[in-house]
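Trainee: Residue-level listing of the chains:
Protein chains: 2
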Amino acid sequence: MAPSQDIDSLAINTIRTLAPDVVQKANSGHPGAPMGCAPMAHVLFSRFIKANPKNPTWLNRDRFVLSNGHGCALLYIMLHLMGYNLSMDDLKQFRQTGSKTPGHPEAGHGIHGIEVTTGPLGQGIASAVGLAIAEAHLAATFNKPGFELVDNNTFVILGDGCMQEGVQAEAASLAGHLQLGKLIALYDDNHIQIDGDTALGFTEDVIARFEAYGWHTQVIADGDHDLEGITKAIEAAKKVTDKPSLIKVRTTIGYGSKNQGEEKVHGAALGEPDIIEVKKKFGFNPEEKFHIPQEVYDFYHKLAKKGSDASEAWDKLFASYAKEFPELHAELTRRMNNKLPDGLLAALPKYTPKDAPVATRKLSEIVLNKIAPILPELIGGSADLTGSNLTRWKGAEDFQPPSTKLGTYAGRYIRFGVREHGMAAICNGIAAYGASIPFGATFFNFISYALGAVRLSALSHEQVLYIMTHDSIGLGEDGPTHQPIETLAEMRAMPNILNFRPADGNETSGSYLVALEARDRPSVLILTRQNLPHLEGSEIEKVRKGAYVLQDQEKAEICFVATGSEVSLAVDTAAELAKEGIKARVVSMPCWELFEEQSLEYKMSVFPDGLPVISIEAMSTFGWDRWAHVCIGIDSFGASGPYKDLYKKFGLVPEVIVQKAKKTLAFYKDRKPDSKLRHPLL
Amino acid sequence: MAPSQDIDSLAINTIRTLAPDVVQKANSGHPGAPMGCAPMAHVLFSRFIKANPKNPTWLNRDRFVLSNGHGCALLYIMLHLMGYNLSMDDLKQFRQTGSKTPGHPEAGHGIHGIEVTTGPLGQGIASAVGLAIAEAHLAATFNKPGFELVDNNTFVILGDGCMQEGVQAEAASLAGHLQLGKLIALYDDNHIQIDGDTALGFTEDVIARFEAYGWHTQVIADGDHDLEGITKAIEAAKKVTDKPSLIKVRTTIGYGSKNQGEEKVHGAALGEPDIIEVKKKFGFNPEEKFHIPQEVYDFYHKLAKKGSDASEAWDKLFASYAKEFPELHAELTRRMNNKLPDGLLAALPKYTPKDAPVATRKLSEIVLNKIAPILPELIGGSADLTGSNLTRWKGAEDFQPPSTKLGTYAGRYIRFGVREHGMAAICNGIAAYGASIPFGATFFNFISYALGAVRLSALSHEQVLYIMTHDSIGLGEDGPTHQPIETLAEMRAMPNILNFRPADGNETSGSYLVALEARDRPSVLILTRQNLPHLEGSEIEKVRKGAYVLQDQEKAEICFVATGSEVSLAVDTAAELAKEGIKARVVSMPCWELFEEQSLEYKMSVFPDGLPVISIEAMSTFGWDRWAHVCIGIDSFGASGPYKDLYKKFGLVPEVIVQKAKKTLAFYKDRKPDSKLRHPLL
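So the sequences go chain by chain: A and B.
Here the UniProt record's numbering is used: position 370 in the first sequence is 370, and no number is missing along the way.
Here the UniProt record's numbering is used: position 289 in the second sequence is 289, and no number is missing along the way.
Check the hints yourself; a few may be wrong.
Capping the alpha-carbon separation at 27 Å, the derived lysine-lysine pairs in DSS-like fashion look like this [what the hints assert, rightly or not]:
| no. | chain 1 | residue 1 | chain 2 | residue 2 |
| --- | --- | --- | --- | --- |
| 1 | B | Lys-362 | A | Lys-394 |
| 2 | B | Lys-669 | B | Lys-644 |
| 3 | A | Lys-676 | A | Lys-662 |
| 4 | B | Lys-660 | A | Lys-676 |
| 5 | A | Lys-264 | B | Lys-394 |
| 6 | A | Lys-25 | B | Lys-648 |
| 7 | B | Lys-644 | A | Lys-649 |
| 8 | B | Lys-25 | A | Lys-362 |
| 9 | B | Lys-264 | A | Lys-644 |
| 10 | B | Lys-676 | A | Lys-676 |
| 11 | B | Lys-669 | A | Lys-669 |
| 12 | A | Lys-405 | A | Lys-238 |
Keep in mind that the hints were calculated from the coordinates and are not lab data.
Source: prediction; values computed, not measured.
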């Protein structure tokens with residue numbers, strides 16, 4: 001049955017009847033948002049979004065982000081209608097193990113049209129700010145008169161939940177400052193959150209807040225029906241090019257359900273009886289499930305044709321661009337193809353033990369100065385700790401709206417402000433846009449402010465570089481509020497992320513090399529405030545294995561494994577032991593995760609049977625039992641004081657470790673230990 | 001030399017000359033904020049703050065929070081002037097190891113007058129919202145006509161950094177909704193952050209934003225001099241009782257330094273030459289260091305006398321209250337003394353294996369229903385997941401402004417909104433106020449949004465209960481965006497926090513018991529969405545030891561250790577093995593941290609030599625090598641699907657674990673393993 005409705009109503013009512021079916025079959029999910037947001041989604045997709053489902057990575061496509069990701073039945077339906085690689089069968093497999101339609105939209109897993117991962121609230125709108133930054137930056141970098149290669153919009157739908165999250169506030173404030181005119185957010189103002197009416201705890205004036213941020217704002221009083229109003233508002237928003245736009249759309253959650261406008265329709269299947277009534281109400285056959293009228297398919301496929309025409313026209317434009325601007329064309333092509341420029345390894349500084357000691361944050365700065373000029377896709381900045389993180393290379397230009405006279409959109413240094421969570425989510429958006437490698441910086445301890453977004457970098461396979469300085473008690477006087485203890489354990493336990501804690505200059509260069517080559521996962525560079533010596537035995541390429549024997553002696557009796565600043569401590573301790581005739585091996589482990597990926601043979605060569613292993617790291621020992629028989633670290637919070645005092649206070653000095661090594665040797669005198677790798681299941 | 005200045009100027013200039021000395025001696029710290037905020041701090045402390053340094057835990061004292069905690073030289077100086085337990089020698093030991101004046105203000109470490117830990121930006125203002133909530137709640141609960149026992153203000157100074165943090169935005173939005181009229185925040189608007197002028201990235205209209213939140217706002221144009229303006233603004237703010245107040249005070253960072261108004265004065269010592277000029281400028285002897293004119297001491301000590309008079313008057317009032325309202329008096333006294341009510345243990349539900357399986361989140365709800373009526377100090381709520389976290393007990397009243405008609409300030413259920421980070425920081429403030437035990441709830445995975453504040457619960461020894469449901473892939477269809485993997489490793493690596501993952505009803509009761517008894521550290525209750533059976537061998541009191549032998553067989557050959565939902569999986573696996581004549585021990589470990597605190601003897605009795613141990617936990621195996629020879633878990637992200645499918649997908653089913661157990665047994669056939677506790681250094 002194809003009800004006689006105008007095509008817009010028919011399409012919207014298709015969404016409103018299909019979404020409950022999708023959720024009902026899974027008996028899990030969120031029907032309310034799809035039913036309430038159907039009109040704005042239909043208007044966006046049918047009248048505005050420029051995209052080619054057959055060329056889903058087209059650089060200049062409009063980006064759409066469903067920030068209230070729990071409403072993903074809506075997104076999956078729209079992608080199916082548009083002709084993306086989501087079939088009706090995929091919709092029927094909603095939330096089933098192994099399906100292409102998981103409980104929340106996951107980017108980076110081969111489902112086209114999903115630009116960023118959403119679900120954890122606030123992430124979508126914040127990452128959308130990153131998408132818009134990437135657009136503005138690439139446009140300023142590559143567009144030429146007559147060649148508007150990059151000029152897409154970023155459209156967002158977000159709900160009350162997103163509006164309450166701090167990450168949203170951080171990113172929205174920065175977006176206003178940055179005057180990101182191509183960012184257009186539709187706020188699904190349905191007055192309902194999980195606990196009930198938003199009156200329970202969310203009574204701020206959202207419009208006034210966004211105006212305070214410098215956004216352009218509009219209000220649609222009847223988002224359930226007023227398609228023309230929504231259309232005009234989006235058109236008006238597109239015309240405002242120096243401000244991001246917020247359109248508050250008053251809707252009814254679960255529109256059409258008997259419980260519409262109530263929290264009941266938010267997060268559970270409606271139940272068959274209600275679905276039957278919904279279908280009747282919208283003129284659909286109540287007996288028919290998963291029904292999309294052919295007219296609706298036809299209508300959407302025609303739109304898809306428009307999208308593919310646009311994408312093909314762009315290809316032609318880009319071909320002409322190749323003739324007019326061959327270097328820029330080659331450069332953008334390289335970047336779109338995720339190919340690193342040549343000469344990266346050659347550009348990285350190398351060191352010998354004769355070079356003066358330097359803090360790894362400073363070594364990171366030296367690397368950035370070397371690579372920034374040859375790696376134009378590198379774009380990022382610090383959460384207001386530039387002078388401490390040392391992330392701004394010489395000659396860097398700020399990414400700023402030209403009107404501020406503080407920089408331009410072609411600038412690659414982003415002043416994130418004291419907004420760590422927003423920064424990480426924005427980096428996810430920049431990475432998701434493509435053709436850029438974003439980085440964000442703060443003190444390592446404050447990655448804990450940003451974990452919600454860092455986790456999504458890992459889950460979404462986004463290449464983001466987190467440059468985290470002040471990595472331990474070695475930061476000294478700032479004290480325990482700023483000293484990471486548990487932080488590295490958390491990062492190591494997180495899947496699909498590389499954590500580098502380099503020990504010296506060569507390892508810092510090597511860490512950057514591997515992090516830049518890792519195109520499908522984020523990396524954390526964990527760097528000292530204090531100076532470290534350059535070590536005999538370190539090499540850039542050795543970082544690739546994650547851990548390696550830095551210094552050794554024939555028939556070593558004991559092995560130290562350490563990371564970062566504690567590697568030189570291990571070396572010093574080994575030297576002390578040598579004075580007493582005790583032979584020690586020193587293993588440096590700049591990247592735990594890479595070491596785990598090595599062959600068992602290689603790993604056993606580093607930690608062989610019979611050799612007692614002592615780990616040394618100036619933070620929680622949690623996790624180190626994996627490699628070490630004895631774990632030395634700090635399992636309390638840190639303290640405020642000059643860092644050398646603190647190392648002494650916490651027993652991280654050769655004289656204390658020498659004693660522990662001797663005790664360990666005594667213990668294993670007659671019972672040489674198995675390697676920790678001698679694992680029953682390996 | 002005592003310059004001839006009026007006493008206010010003299011006091012302010014004392015701060016402005018002393019702070020640089022304090023920072024200079026440490027050669028580390030932040031002189032800019034103390035110099036710029038000296039006038040507002042002096043006005044606050046000399047004209048408004050009601051406190052008794054000799055009775056620093058007086059319930060009805062005004063609370064002062066320096067949210068820009070890096071400016072703590074200011075706070076330490078004010079506390080010294082007021083006569084708190086901070087001597088001039090302590091000021092001279094600023095930022096030195098073991099001193100009472102660490103790099104950022106740490107609450108919970110015996111330094112009186114420091115209400116909450118600050119330094120990590122945004123935490124102070126957010127915790128101050130908690131202080132104000134606690135005040136409003138206790139006032140509504142205990143005040144009677146003529147007995148305004150609780151009527152203090154919470155004063156905050158915060159800077160641009162705090163203003164950019166999401167946690168601040170979350171808490172400020174909620175504070176506006178809650179109409180917390182006794183919260184008065186002074187915003188040190190100095191236009192400078194670490195990277196430079198705030199124009200670089202922070203150009204929002206802060207006043208308009210706070211008005212959008214429902215705050216009362218005022219502006220002081222010249223915060224460097226206009227003491228009367230600041231005074232009048234605070235007086236006006238005090239008169240507005242149904243809105244929190246923000247007073248934007250335009251100041252000059254580092255006022256008096258040659259680099260005043262620039263970022264240079266933010267975070268480094270001024271240097272002796274500049275300090276000499278500063279002292280000259282303010283009429284102080286440039287040769288004299290750490291100088292406080294006697295007049296200033298006298299002036300402040302007189303204020304302290306006023307404070308002690310007020311505190312003594314309160315003691316008398318409270319004594320009269322005892323006569324009029326003996327029960328309320330006894331109750332408040334009990335709560336102020338951190339004494340739990342009698343009968344808690346008796347109230348906790350006990351279960352036998354015959355009882356029907358229940359999800360631990362539901363068991364938690366049952367506990368809350370039992371204890372909420374007898375534990376009136378329990379106050380808290382959920383970040384908009386009430387129906388999922390099951391944290392609202394029957395008959396609970398919402399904590400709401402009476403004008404909303406949705407509750408009263410006597411209500412104990414807080415609608416935090418989707419504001420996880422703000423929630424945790426607010427809980428810190430409620431705990432810091434005293435006489436309450438706060439709790440906050442969300443999905444376990446989203447504790448990662450709140451870690452900045454959770455860490456401060458632990459560092460500050462605040463008793464906060466984090467009720468975290470949906471604790472693993474067991475949540476099912478919501479998928480990897482919502483399934484914790486690395487989260488528990490992070491929490492276990494964090495010092496001074498208890499993490500409970502109960503396996504059944506008795507363990508849930510026991511976890512609450514121990515968490516409530518732990519008055520000086522936070523606890524995390526990690527709870528399932530899915531039903532779990534009640535286990536043979538579990539008991540409430542056994543939780544105290546952290547881990548215990550749940551089920552055993554004589555001459556067990558292998559040992560499983562598991563937590564939460566995986567304990568029953570271990571039991572099932574042991575039953576499968578028993579069919580094949582293999583004897584297994586099952587250890588339940590509801591709280592890793594408590595187990596670590598047990599005697600070696602006890603621990604060895606759980607994990608004896610010769611017994612191979614296999615850990616089972618449906619998340620990252622990171623850390624488990626500490627106890628187990630074989631670690632079974634999930635070291636990738638989760639997946640979206642019905643939870644039973646997911647357990648199968650990830651090999652967390654008896655048939656797979658049986659195979660791993662057999663391989664383990666084969667491996668250890670001739671080489672019985674040492675207990676992991678057979679540690680060289682123990």
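Trainee: Evaluate each hint against the coordinates.
Mentor: Now for the hints, and whether the structure bears them out:
Using a Cα cut-off of 27 Å, the hinted pair Lys-362(B) and Lys-394(A) is violated, with the two alpha carbons roughly 58 Å apart. For the hint pairing Lys-669(B) with Lys-644(B), the CA-to-CA distance comes to about 33 Å; that exceeds 27 Å, so the pair is violated. Straight-line distance between C-alpha atoms of Lys-676(A) and Lys-662(A) comes to about 20 Å, which keeps the hinted pair within the 27 Å bound. Under the criterion of a C-alpha separation no larger than 27 Å, the hint pairing Lys-660(B) with Lys-676(A) is consistent with the structure, at around 18 Å.
For the hint pairing Lys-264(A) with Lys-394(B), the CA-to-CA distance comes to about 19 Å; that is within 27 Å, so the pair holds. A distance of roughly 21 Å separates the Cα atoms of Lys-25(A) and Lys-648(B); the hinted pair therefore holds under the 27 Å criterion. Taking the CA atoms of Lys-644(B) and Lys-649(A), the gap is about 49 Å. The hint is violated against a cut of 27 Å. Only pairs whose Cα atoms come within 27 Å are accepted, and Lys-25(B) paired with Lys-362(A) is accepted, the gap being roughly 26 Å.
Between Lys-264(B) and Lys-644(A) the alpha-carbon distance is near 26 Å, which keeps this suggested pair within the 27 Å criterion. Of the supplied pair hints, the one linking Lys-676(B) and Lys-676(A) holds, its CA atoms being roughly 11 Å apart against a limit of 27 Å. The suggested pairing of Lys-669(B) with Lys-669(A) holds, with an alpha-carbon distance near 24 Å, which does not exceed 27 Å. For the suggested pair Lys-405(A) and Lys-238(A), the alpha carbons sit about 24 Å apart, so the restraint of at most 27 Å is met.
Hint compliance for this structure: hints 1, 2 and 7 are not met, and every other hint is.
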